[in-house]
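A.B. asks: Position chain P against the provided structure of chain E, taking the given hints into account.
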Amino acid sequence: MSEQLTLSRAIGAGLRRALADDDRVLLMGEDIGDLGGVFRVTDGLKAEFGAERVMDTPLAESAILGTAIGLAYRGFRPVVEIQFDGFIFPAFDQIVAQLGKLRYRTGGAVSMPITIRVPFGGGIGSVEHHSESPEAYFAHTPGLRVVSCSNPQDAYSMIREAIRSDDPVLFFEPKRRYWAKGEVDLEAEPEPLGSAKVVVTGADVTLVTYGPLVATAIDAAAAAVEDGVSVEVIDLRSLAPVDFETVEASVRKTGRLVITHEAAQSGGLGAEIAASITDRCFYHLEAAPQRVTGFDVPYPPAKLEEQYLPDLDRILDAVDRVLGRENSLTGWSAK
Amino acid sequence: MRTEAALDSPRENADMNEWPEPREELVQILTPDGERLEQPLYDRWISDIDADALVALLEDLTVVRRIDVEATALQRQGELGLWPPLLGQEASQIGSARALREDDFVFTSYRENAVAYCRGVQLGDLVKVWRGTAFSGWNPFDVGMATPQVIIGAQTLHATGYAMGCKKDGVDSVAVAYFGDGATSQGDVNEAMIFAASFNAPVIFFCQNNHWAISEPVGLQAVRPIADRAPGFGIPSMRVDGNDVLAVMAATRIALDRARSGGGPTFIEAVTYRMGPHTTSDDPSKYEDRASHEEWAAKDPILRLTQYLEGEGILTDEVRAAVKSKADDVAREFRAECIGMANPEPMTVFDNVFAEPHSALDRQKQQFAAYLSYVEGSTR
Numbered sequence: 001m002s003e004q005l006t007l008s009r010a011i012g013a014g015l016r017r018a019l020a021d022d023d024r025v026l027l028m029g030e031d032i033g034d035l036g037g038v039f040r041v042t043d044g045l046k047a048e049f050g051a052e053r054v055m056d057t058p059l060a061e062s063a064i065l066g067t068a069i070g071l072a073y074r075g076f077r078p079v080v081e082i083q084f085d086g087f088i089f090p091a092f093d094q095i096v097a098q099l100g101k102l103r104y105r106t107g108g109a110v111s112m113p114i115t116i117r118v119p120f121g122g123g124i125g126s127v128e129h130h131s132e133s134p135e136a137y138f139a140h141t142p143g144l145r146v147v148s149c150s151n152p153q154d155a156y157s158m159i160r161e162a163i164r165s166d167d168p169v170l171f172f173e174p175k176r177r178y179w180a181k182g183e184v185d186l187e188a189e190p191e192p193l194g195s196a197k198v199v200v201t202g203a204d205v206t207l208v209t210y211g212p213l214v215a216t217a218i219d220a221a222a223a224a225v226e227d228g229v230s231v232e233v234i235d236l237r238s239l240a241p242v243d244f245e246t247v248e249a250s251v252r253k254t255g256r257l258v259i260t261h262e263a264a265q266s267g268g269l270g271a272e273i274a275a276s277i278t279d280r281c282f283y284h285l286e287a288a289p290q291r292v293t294g295f296d297v298p299y300p301p302a303k304l305e306e307q308y309l310p311d312l313d314r315i316l317d318a319v320d321r322v323l324g325r326e327n328s329l330t331g332w333s334a335k
Numbered sequence: 001m002r003t004e005a006a007l008d009s010p011r012e013n014a015d016m017n018e019w020p021e022p023r024e025e026l027v028q029i030l031t032p033d034g035e036r037l038e039q040p041l042y043d044r045w046i047s048d049i050d051a052d053a054l055v056a057l058l059e060d061l062t063v064v065r066r067i068d069v070e071a072t073a074l075q076r077q078g079e080l081g082l083w084p085p086l087l088g089q090e091a092s093q094i095g096s097a098r099a100l101r102e103d104d105f106v107f108t109s110y111r112e113n114a115v116a117y118c119r120g121v122q123l124g125d126l127v128k129v130w131r132g133t134a135f136s137g138w139n140p141f142d143v144g145m146a147t148p149q150v151i152i153g154a155q156t157l158h159a160t161g162y163a164m165g166c167k168k169d170g171v172d173s174v175a176v177a178y179f180g181d182g183a184t185s186q187g188d189v190n191e192a193m194i195f196a197a198s199f200n201a202p203v204i205f206f207c208q209n210n211h212w213a214i215s216e217p218v219g220l221q222a223v224r225p226i227a228d229r230a231p232g233f234g235i236p237s238m239r240v241d242g243n244d245v246l247a248v249m250a251a252t253r254i255a256l257d258r259a260r261s262g263g264g265p266t267f268i269e270a271v272t273y274r275m276g277p278h279t280t281s282d283d284p285s286k287y288e289d290r291a292s293h294e295e296w297a298a299k300d301p302i303l304r305l306t307q308y309l310e311g312e313g314i315l316t317d318e319v320r321a322a323v324k325s326k327a328d329d330v331a332r333e334f335r336a337e338c339i340g341m342a343n344p345e346p347m348t349v350f351d352n353v354f355a356e357p358h359s360a361l362d363r364q365k366q367q368f369a370a371y372l373s374y375v376e377g378s379t380r
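Heads up: the sequence lines are chains E and P, in that order. Number 229 in my numbering belongs to position 229 of the first sequence; there are no gaps in the numbering. Number 290 in my numbering belongs to position 290 of the second sequence; there are no gaps in the numbering.
Chain E extracted, bound-state conformation (with noise of 0.2 Å):
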């Protein structure tokens, strides 16, 4: 059965299917019940399955990830919406330096089966603190799954399999892609997490990404078509761990790496993993690994954020300079 379906209406298909099929997974989370969510991915969850497994929670993220601990720990199987990127750090504490750590502190014998939803990443015009891509804090912390998608398939398995596995899962929900439609396959058996996916094949460049700038390399992609350059887009999937395998295999055949993710660049996912392909194949690349990032500022006010994205543009330049063709630094030294 397959239906047509936005990111954020696959989401909450998953969460359907979760809850139905696993009666100890439960939904915590703020504005989650009558209103659905401010995203309304948790539309009409509440309405099915009652407020006792869709529960709207008092505002504290803090408290929202420490109990969902303890109903970890209780047996069930929270999923924890968090609702928007910038309100996570009030639970930092709870996911770092306890969520992260628990199995290892109890030698396994205590499993955190909680997945943590979080729509994050900007190009919607929002205030302060609604934009923001705070993946790498989680990707550099021992004990944490860390995924994104980016399409509504991916969306619908990726949040099944988040949710069934045994570790604690950050899921990073694209939001200015949540009204992207795609066909969903219902019945198809989610992959298990962790593996990239080459999603343009091309022969001169890879260009790796993940979440909400996918739809914007494969946009690169085609135009780079019209230049005569074949560029191989991967879409990461998995950012903790990173599929390096799929990564390598495409840069021992391009020579040519560019990264682009739209938090800010420095201890990024983009230098993880160029020094990760340099290492793997050095001797397989014909350039320095190029990063189209965010810059290191602050997510900037709506009316600059055009400026901070990396867009098709920027990721276009980068390949040029990896091709060693003309390009914005062409001459270019440090003042």
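None of these hints come from the bench; they were simulated from the model. Using N, Cα and C, we set each Cβ at its ideal position, and we do this for glycine too. You may find that some hints are simply not true.
[What the hints assert, rightly or not] Short derived list, chain P residues pointing at chain E, Cβ under 10 Å:
1) Leu82
2) Thr133
3) Phe135
4) Ile152
5) Ala183
6) Asp282
7) Leu361
8) Gln367
9) Tyr374
C.D. replies: Chain P alone, transformed into the frame defined by chain E:
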């Protein structure tokens, strides 16, 4: 949302302290019908509020409502990205903010646009954040008001720290934290009360209980009146009718006086109602009970003051016309300032991250400048 179990008395056979009765009643000076009540404990704090001062309050309430309505319209017309209406909460904000001195300092949430108006924030500066041209519409030190806080409750700690600083400096300025009922669930707000009590900080915790945290009713945040929490932290509290501008002003003046004279923190719960959506992105029809809405519409803060002033013979046609004319002028200027606002220059995205040069950021800035001139060159 309140459960029976939560309100049960402690068991008689256990050595538990008795719970006081929940403080449901509100301090009220003006009834919803505009009748003035005798409140000996509070009246003396507003004895200076004469006919002119009352008209000034009516003008404030009317003007900020016009600003709010105009902003919602501007958002609908695409001129603002978002707006958080304060409709219904005018008296809580005006009554408290007009009690403050210039050297006091307020730390608010994002809905306190009437407080900002009272602090002297320029009309165009009110909307910069909502138009998306800046994160700070004004310099906090120019008006004694921090940039509105978006992270729920975080500002209560800032207010407490500021107040601790006032005390260390030996000045009698007071810090005021504005926050809502939802924020009282956050750790930060509870921790702020602990610090304020421990350090006897001259801070006022001004909680506007507007009954809603987006879609969540106040009963999910608190099973007893919010004002009842403060004594547990060692902070005295008042529970006032937040739609009564005189009651709010009296309570705020009492709290200010305590703070200035070394009495420490006070908690005020101003019970009001959010008559609009959470923001222009919200749809209360998904969760709000219409009967509550209608009940609160009858308790409108402007309506009751208007009726009182009519009864006293203060609200002449002339006064009424002057108030309307002021509101019209402000609304016109507000709209013009908003629409005429320039967008920030692209390279300003790098400004004000650090006080001193930063090598990594400076390199990104230079490279982006090279990129912009390259793109400009190639499109010509």
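A.B. asks: Should the hint that P/Ala183 touches chain E count as held when the rule is a Cβ pair under 10 Å?
C.D. replies: Given a least distance of 7 Å, the restraint on P/Ala183 holds.
A.B. asks: Would the hint on P/Tyr374 stand, with a C-beta cut-off of 10 Å toward chain E?
C.D. replies: 4 Å, holds
A.B. asks: Per the CB criterion, is P/Gln367 less than 10 Å away from chain E?
C.D. replies: With Cβ-Cβ at 6 Å, under 10 Å, it holds.
A.B. asks: Any CB of chain E closer than 10 Å to the CB of P/Phe135?
C.D. replies: Check passed: Cβ of P/Phe135 comes within 5 Å of chain E, closer than 10 Å.
A.B. asks: Does the closest beta carbon of chain E sit nearer than 10 Å to the beta carbon of P/Thr133?
C.D. replies: Hint holds; P/Thr133 Cβ to chain E Cβ min 5 Å, cut 10 Å.
A.B. asks: Is the hint on P/Asp282 kept, meaning its closest Cβ partner in chain E is under 10 Å away?
C.D. replies: 8 Å, holds
A.B. asks: Should the hint that P/Ile152 touches chain E count as held when the rule is a Cβ pair under 10 Å?
C.D. replies: Holds: closest Cβ of chain E sits about 6 Å from P/Ile152, inside 10 Å.
A.B. asks: How about P/Leu361: closest beta carbon in chain E under 10 Å, or not?
C.D. replies: With a closest approach of 5 Å, the P/Leu361 hint holds.
A.B. asks: How about P/Leu82: closest beta carbon in chain E under 10 Å, or not?
C.D. replies: 6 Å, holds
When the structure is compared with the earlier hints, no violation turns up for any of them.
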